[in-house]
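Asks: Could you build all of it, start to finish, from the sequences and the hints given here?
Residue numbers (my numbering), protein chains in the order written: chain A, 1 to 256; chain B, 1 to 183.
Note that these hints are calculated values from the structure, not bench results.
Take the hints with a grain of salt, since some may be wrong.
Only pairs whose alpha carbons sit at most 27 Å apart, straight line, appear in this in silico BS3-like list of lysine-lysine [claimed, not checked]:
| hint | chain 1 | residue 1 | chain 2 | residue 2 |
| --- | --- | --- | --- | --- |
| 1 | A | K107 | B | K112 |
| 2 | B | K125 | B | K174 |
| 3 | B | K174 | A | K96 |
| 4 | B | K125 | B | K115 |
| 5 | A | K84 | B | K7 |
| 6 | B | K166 | B | K125 |
| 7 | B | K136 | B | K33 |
| 8 | A | K107 | A | K96 |
| 9 | B | K112 | B | K33 |
| 10 | A | K84 | B | K166 |
| 11 | B | K29 | B | K136 |
| 12 | B | K112 | B | K136 |
| 13 | B | K33 | B | K92 |
| 14 | A | K96 | B | K125 |
| 15 | A | K107 | B | K7 |
| 16 | A | K107 | B | K29 |
| 17 | A | K107 | B | K125 |
| 18 | B | K136 | A | K107 |
| 19 | B | K125 | B | K136 |
| 20 | A | K128 | B | K33 |
| 21 | B | K33 | A | K107 |
| 22 | B | K166 | A | K107 |
| 23 | B | K166 | A | K96 |
| 24 | B | K115 | A | K128 |
| 25 | B | K112 | B | K58 |
| 26 | B | K33 | B | K58 |
| 27 | A | K96 | B | K28 |
Just so it is clear, the structure is predicted and the values come from calculations on it, not from any experiment.
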Amino acid sequence: MNRSTDILNELQTISPAVANLGTQMPYTVPAGYFDTLGDVILARVIAGAGEDSAVTSVAGKSTPFGVPEGYFENLSTSILSKIKAQQEPGVADELKELSPVLASISKENVYTVPEGYFGVMEEEVAEKTIHSAKAKVVSITAVKRRWFSYAAAAAVLVMVAFGVNKIIHPSTKLDGYVKEGLKYTTEEQIAEGLQTINETDLVAYLQMTAESKDVETIAAIVDETTLHQEEETVVEDPLLESYMNQLNETQTTTTN
Amino acid sequence: MTQTEDKELLLQFRDAATKERAFTRIIKKYQEKLYWHVRRMVVDHDDANDVLQNMFIKVWNALENFREDSQLYTWLYRIATNESLTFLEQQKKRAAISIDGSVESGLSNTIKADKHFDANRLEWKLQLAIQELPEKQRVVFNLRYYDEMPYEEMSRVLETSEGALKASYHHAVKKIEDFILNR
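Replies: Below you can see the structure in the form of structure tokens.
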């Protein structure tokens with residue numbers, strides 16, 4: 001350390017012996033001490049360590065206290081922002097300076113919100129995002145197919161209830177179908193049987209035998225709310241499959 | 001601390017097991033602030049509801065890729081602002097625009113049509129005055145006056161310099177004062 005001339009002269013005046021002593025400090029400092037001192041102090045501040053508690057870390061020793069991730073990276077920015085905010089006039093002071101008239105007007109909110117709105121809004125957003133991601137995709141084709149399957153089930157019900165041969169073809173081969181059909185004597189039994197209709201076969205059957213106006217007529221009279229959902233009706237049924245196969249054979253035989 | 005909380009929410013959102021809960025928490029935390037920010041722009045509650053919901057749907061789709069080069073609430077405010085401005089732009093195209101002006105007079109009419117509107121109250125006159133401001137200046141005024149947002153933060157939301165924002169706010173205040181005193 002270089003002494004200024006003034007200080008040296010002053011010391012010479014007071015004590016020539018002291019003035020001639022060297023200024024080299026005899027004390028030593030651990031290697032890297034000043035490099036880590038800032039971190040150590042901050043760690044103590046965060047940990048809330050008291051002034052009389054032992055120093056938690058010196059150069060080369062680890063601190064037992066944790067620090068939030070990214071704390072030091074953001075620290076300088078955060079401190080500078082706070083300083084700036086303190087130097088900037090507050091919003092209220094700024095407004096008073098710009099316009100005492102405006103500053104005198106109450107900031108009371110004049111608009112109203114329907115009661116319970118925020119709860120409802122949250123649910124609606126959840127429907128459109130969280131639940132929408134989980135919802136099944138119902139294609140237009142699937143809706144049409146559902147109508148076909150309902151219409152086909154209703155058509156088959158009519159056939160089974162009133163005798164297949166009166167509706168399709170007057171043929172002795174169809175007597176067997178009627179006998180099978182007569183095993184279903186109650187609506188519940190028919191409904192149970194129709195529950196297990198193979199949808200693909202029904203669609204094929206309807207496409208083969210029904211005209212578009214039949215489907216529309218059936219769709220118009222069927223109460224959709226009483227029908228089962230699409231996913232509840234798709235199960236294999238040996239009896240109806242048998243009907244479908246035999247009907248197919250009949251059609252083929254008749255046309256040949 | 002909001003920043004730490006938001007970082008946690010982001011981490012939870014990126015984990016499939018906690019994504020939905022994190023999203024719901026984000027909505028609960030910010031919905032009112034963002035609602036009023038949007039409402040002050042578009043005025044009508046139903047319009048504000050539409051804009052706010054669209055905004056949160058965008059958040060749901062985009063948050064996964066949020067780069068965290070700004071804070072979460074800064075990003076949310078930015079989306080809400082852009083959605084509001086887009087909505088107003090679309091309204092302009094749909095509405096019959098008169099020479100002097102526009103959707104601004106439509107919004108003024110919406111204010112006057114509010115069942116609580118009272119032309120004698122300065123608070124209502126203030127709302128009419130705010131609607132006279134150009135849209136972006138309206139955003140600056142609302143963020144500073146109602147949300148008391150520091151210019152530095154506003155600069156990040158609107159991606160505009162602090163100096164420009166200060167000037168814009170100062171002009172907005174003068175215009176509003178003039179409207180209140182002289183109209």
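Asks: Hint by hint, note whether the structure agrees.
Replies: Hint-by-hint comparison with the structure:
1. K107/A <-> K112/B: holds, 18 Å
2. K125/B <-> K174/B: holds, 15 Å
3. K174/B <-> K96/A: Holds, at roughly 12 Å.
4. K125/B <-> K115/B: Holds, at about 15 Å.
5. K84/A <-> K7/B: holds, 24 Å
6. K166/B <-> K125/B: holds, 23 Å
7. K136/B <-> K33/B: Cα-Cα ~19 Å, so holds.
8. K107/A <-> K96/A: Answer holds: K107/A to K96/A is near 14 Å, not above 27 Å.
9. K112/B <-> K33/B: The hint holds at about 24 Å.
10. K84/A <-> K166/B: holds, 15 Å
11. K29/B <-> K136/B: Measuring from Cα to Cα gives roughly 26 Å; hence the hint holds.
12. K112/B <-> K136/B: This hinted pair holds, its Cα atoms lying about 22 Å apart.
13. K33/B <-> K92/B: holds, 26 Å
14. K96/A <-> K125/B: holds, 19 Å
15. K107/A <-> K7/B: violated, 32 Å
16. K107/A <-> K29/B: Given that 27 Å is the threshold and the Cα spacing comes to 22 Å, the pair holds.
17. K107/A <-> K125/B: Holds. K107/A to K125/B sits at ~12 Å (cutoff 27 Å).
18. K136/B <-> K107/A: Answer holds: K136/B to K107/A is near 21 Å, not above 27 Å.
19. K125/B <-> K136/B: Answer holds: K125/B to K136/B is near 20 Å, not above 27 Å.
20. K128/A <-> K33/B: holds, 21 Å
21. K33/B <-> K107/A: holds, 15 Å
22. K166/B <-> K107/A: holds, 20 Å
23. K166/B <-> K96/A: holds, 15 Å
24. K115/B <-> K128/A: violated, 31 Å
25. K112/B <-> K58/B: violated, 32 Å
26. K33/B <-> K58/B: At roughly 17 Å apart (the allowed maximum being 27 Å), K58/B and K33/B satisfy the hint.
27. K96/A <-> K28/B: Violated: K96/A and K28/B sit about 34 Å apart, past 27 Å.
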